[in-house]
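Chains as they are written, first to last, in our numbering: chain A, 1 to 512; chain B, 1 to 361.
There's no promise every hint is true.
Here are the simulated DSSO-like pairs of lysine-lysine, each with C-alpha atoms no more than 27 Å apart in a straight line [what the hints assert, rightly or not]:
#1 A/K160 to A/K191
#2 A/K196 to A/K211
#3 B/K11 to A/K506
#4 A/K236 to A/K169
#5 B/K203 to A/K506
#6 A/K125 to A/K211
Just so you know, the hints here were simulated from the structure itself, not pulled from any lab data.
Please read these numbers as outputs of a predicted model, since none were measured by experiment.
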Amino acid sequence: MKRPALWLAVAFFLVSFSLIGYRIIRLGYPLFPTFPAKAWGLTMEIFFEPSETNGKEMEIRAGLPQSRPGQSVIEQKDLSGSLQFNILPEGLNQIGVWSGDPEKGKTISYRATVLLNPKRVAKPKPPGPESFPAIIAEKSEQILARRLIERYASLKAHEKLKAIATTAKGIWGEPTPNDNDLKQWSAIQRKYGGEKALVILLRMAGFPVRKGQGFVLAERIATQPDRWISVWTGKKWEHLPPETGSLYPESVRLLPLMVGNGPLVSISGGKLQEVRWSLNKETLSQWRSHFERIYRSGRFLDRWSLFTIPNQFQEIFRILLLVPLGVLMISVLRNIVGFPTFGIFMPVLVALAFRSTGLGYGLGIFGGVVLIGYLLRRGIDRLRLLLVPRLSFLITFVILAFTIFALIGSKFGVREFMAIGLLPFVILSMTIERFFILIEESGAFQALRTAAGSAAVAAITYKIIQIDPLQLTFFVYPELLFAVMGLLLLLGNYSGYRLSEILRFKVLRVKS
Amino acid sequence: MIFRPFLSLRKAGVLGMNRRNTQYIMGYNRRSSFPLVDDKLLTKRLALKHGIPTPSLYHVVSHHGDIAGFERALADRQEFVLKPARGGGGSGIILITDRRNGKFVTQSGKMISKEEIHYHISDILSGIYSLEGLEDRAVIESLIHPDQVFGKVTYEGVPDVRIIAYRGVPAMAMVRLPTRQSDGKANLHRGAVGVGIDIGRGKTMNGVRRSGAITHHPDTRESLRDIAVPFWEKMLFMAAQSTDMTGLGYLGVDLVIDKNEGPLLLELNARPGLQIQVANRKGLLGRLEMIDSAPKEIFVSSGKRVSWAVQNFTEPGEAAPEIAREKVEEDMATGNRMHVTSIPAEIVNRDISYGPSSDGV
Chain A
1 MKRPALWLAV
11 AFFLVSFSLI
21 GYRIIRLGYP
31 LFPTFPAKAW
41 GLTMEIFFEP
51 SETNGKEMEI
61 RAGLPQSRPG
71 QSVIEQKDLS
81 GSLQFNILPE
91 GLNQIGVWSG
101 DPEKGKTISY
111 RATVLLNPKR
121 VAKPKPPGPE
131 SFPAIIAEKS
141 EQILARRLIE
151 RYASLKAHEK
161 LKAIATTAKG
171 IWGEPTPNDN
181 DLKQWSAIQR
191 KYGGEKALVI
201 LLRMAGFPVR
211 KGQGFVLAER
221 IATQPDRWIS
231 VWTGKKWEHL
241 PPETGSLYPE
251 SVRLLPLMVG
261 NGPLVSISGG
271 KLQEVRWSLN
281 KETLSQWRSH
291 FERIYRSGRF
301 LDRWSLFTIP
311 NQFQEIFRIL
321 LLVPLGVLMI
331 SVLRNIVGFP
341 TFGIFMPVLV
351 ALAFRSTGLG
361 YGLGIFGGVV
371 LIGYLLRRGI
381 DRLRLLLVPR
391 LSFLITFVIL
401 AFTIFALIGS
411 KFGVREFMAI
421 GLLPFVILSM
431 TIERFFILIE
441 ESGAFQALRT
451 AAGSAAVAAI
461 TYKIIQIDPL
471 QLTFFVYPEL
481 LFAVMGLLLL
491 LGNYSGYRLS
501 EILRFKVLRV
511 KS
Chain B
1 MIFRPFLSLR
11 KAGVLGMNRR
21 NTQYIMGYNR
31 RSSFPLVDDK
41 LLTKRLALKH
51 GIPTPSLYHV
61 VSHHGDIAGF
71 ERALADRQEF
81 VLKPARGGGG
91 SGIILITDRR
101 NGKFVTQSGK
111 MISKEEIHYH
121 ISDILSGIYS
131 LEGLEDRAVI
141 ESLIHPDQVF
151 GKVTYEGVPD
161 VRIIAYRGVP
171 AMAMVRLPTR
181 QSDGKANLHR
191 GAVGVGIDIG
201 RGKTMNGVRR
211 SGAITHHPDT
221 RESLRDIAVP
231 FWEKMLFMAA
241 QSTDMTGLGY
251 LGVDLVIDKN
261 EGPLLLELNA
271 RPGLQIQVAN
281 RKGLLGRLEM
291 IDSAPKEIFV
301 SSGKRVSWAV
311 QNFTEPGEAA
321 PEIAREKVEE
331 DMATGNRMHV
341 TSIPAEIVNR
351 DISYGPSSDG
361 V
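Chain A with its partners taken away, still in its complex shape:
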């Protein structure tokens, strides 16, 4: 290894790691900024039909998630923008109100990101007056209920609650209440419904009770919210679904959207067609929670953080910062592993393009365009075109192919076919030309080998730059670019064998 290169590399590493160290130690950046926090994305779409008689004013109200102990809503957005959107606190709830002239659309879509903080133990809020609803049952029914739960009087609150919950399944425990009482209770259950009957029992047992609507956190799409009963046992709230006869286990996390009796989504001046909620897990890193602090901080490196630039440019930098990572990959795959590729940086650009099409579609489209392009190139070879018009011809063909793909994609609803606009067309045209020349000069075998090598390198690079934590680390610590430069200096000095050369020079190996 050449000395100056080594020292320069060490210097780059030092700069990189001392800046990172300063951020972590002095500015309190997360040591592992990529440690994924548990976050959930909630998307709500409301499809509605405005009624024609009711003028143009319309209002839709929907329960939204809110920050509570152990859970914080870090972002919420109205994505549709067709109606005026406001969030109003109403009792225990946050109500999203969309109002205005619905002419522009018949859909509302809303998105929230909710961060669950497992570390902070939620200190429960004791029940307020809303948790002591008037008991709706008649006097005689109340007496029956009281008689039925007398048997549990000696139990502790939590046990008592569990015992009462099981009655929803008709399990009363020993001794079994007399048949007459049970028959009457069944009548009450039929009269009010299972849920209300259970509330009557719980209220008669003296528990503060409230209803809840929202979702048990799991990745899914739903058109109906989950409903549950929340019961205060003196220390904390316990939640139980009305029908199953048992409490939600500790491991179940709930995302309440509405506490109390009201409907979760309501409309005036129109008709609801459908409401759809979808829940998905999100990998968020702790930098998101640091964002606010960084934004306000006066410290030098905080002021000079990529977080301070406007959002739309942040997106560009998030992609830009992946390029060094990509070229680092190429250097490793070419010089240490020994993949053959068309052009040097073609696979990086292709990998970046895969970000919008996905790997499968990307490879398919890419392969298809090169194959058809190759046949075309063969066809025009006889015409003996000059170099520049010939390459321009190929570029035009590639753009034409993209256009056709987009039209087909729009016809059949394949979004990936329309996203190919970002595929680097110049590189693609050059690849067609190189592929043709390689077949002519070195044969189809060599050309296919190189094509496979290029595809493999692009796919590997894509997989690496798609690792979210890695992406975010570079965004939080852009000084890592110095480290990449240092690594590239070291790689540039690697004069050892490539992995592929073990095979290539197999006959020369000395058996030891």
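Got chain A sorted already, so can you dock chain B onto it with the hints?
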């Protein structure tokens, strides 16, 4: 151990691509000297100045307007080779063996018209065959009649000899024999056969095709071993002198043996491939390191470098021959005279300049 294969390659003295690039090409080949070998006309002019024989230059076409004049320049020559000055990998070369009724007969027997030749020259000038796509020149030079020494192990085409010269010392050599698969071209990656040549004795050794070892030519079925290469010492001298004339310390020298004119320098390569090691069943790195540790005084003249190589790079078990230096130097002298007279002075001395070359993405 994972490192085992790496170590065994190192032990065998194999030169890998990375080391070749960083240590030898970047270490010994100055970028500014690359055009000397990338452009066959520049190489030819240089060779001429240093008395290294090359195929005789008949004519150069530099501008589209001059295309029509090329027949006048041909005069009554019946056979010639038309090639791009900056072409790579043997593309764009046409061999003409005869002229009949105003048409040209190619080596494979195809008749092509005057217009087609003009078209081809126009293509060359536009840079279709030059790797960077830059404007090029068309070179018209004498046709090579290969010496029949490799006749039995050649399928059509012209076999050529590649010698790697490191710091002016011939380090390793092979002959490349065209096959049916390589379409008469002497390119290994097209399927031509590579056969190692013992530097000391000038005799062929093992053969390789793609990456498999072979002992007989795949088309002619003749044995590849122990063919004595004629003019061997002279060829080693030509390789050694190519380093002196270009200043490139790590050089691939491509030679052909013409049955009338003897060995001719065809082209030089500043980035010679590594497959020569497989043809020789021997690592190049070991040889290069031996040259680096050779006594300093051998580097003062090409004669000393060649005789050192002959002494040190003879296959084990074979006696290194004495070389008759006077005879070789005499050969060189005659070759020198012969070719100075055969190239029009105004072509040789014309200033050839190109724009900066660009590296593709």
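Do the hints match the structure? See the list:
1. With a C-alpha separation of about 25 Å, the suggested pair A/K160 and A/K191 falls inside the 27 Å cut-off, and the hint holds.
2. A hinted pair counts as satisfied when its Cα atoms are at most 27 Å apart, and A/K196 with A/K211 qualifies at roughly 10 Å.
3. A threshold of 27 Å between alpha carbons decides the hint, and for B/K11 with A/K506 the separation of about 13 Å falls inside it, so the pair holds.
4. Proposed proximity of A/K236 and A/K169 is supported: the alpha carbons are some 24 Å apart, at most 27 Å.
5. Proximity of B/K203 to A/K506 is assessed by CA-CA distance (about 24 Å); at most 27 Å being required, the pair is judged to hold.
6. Taken as a hint, the A/K125 and A/K211 pair is honoured in the structure, with Cα atoms around 15 Å apart against an allowance of 27 Å.
Comparing the model with each numbered hint stated earlier shows that all of them hold.
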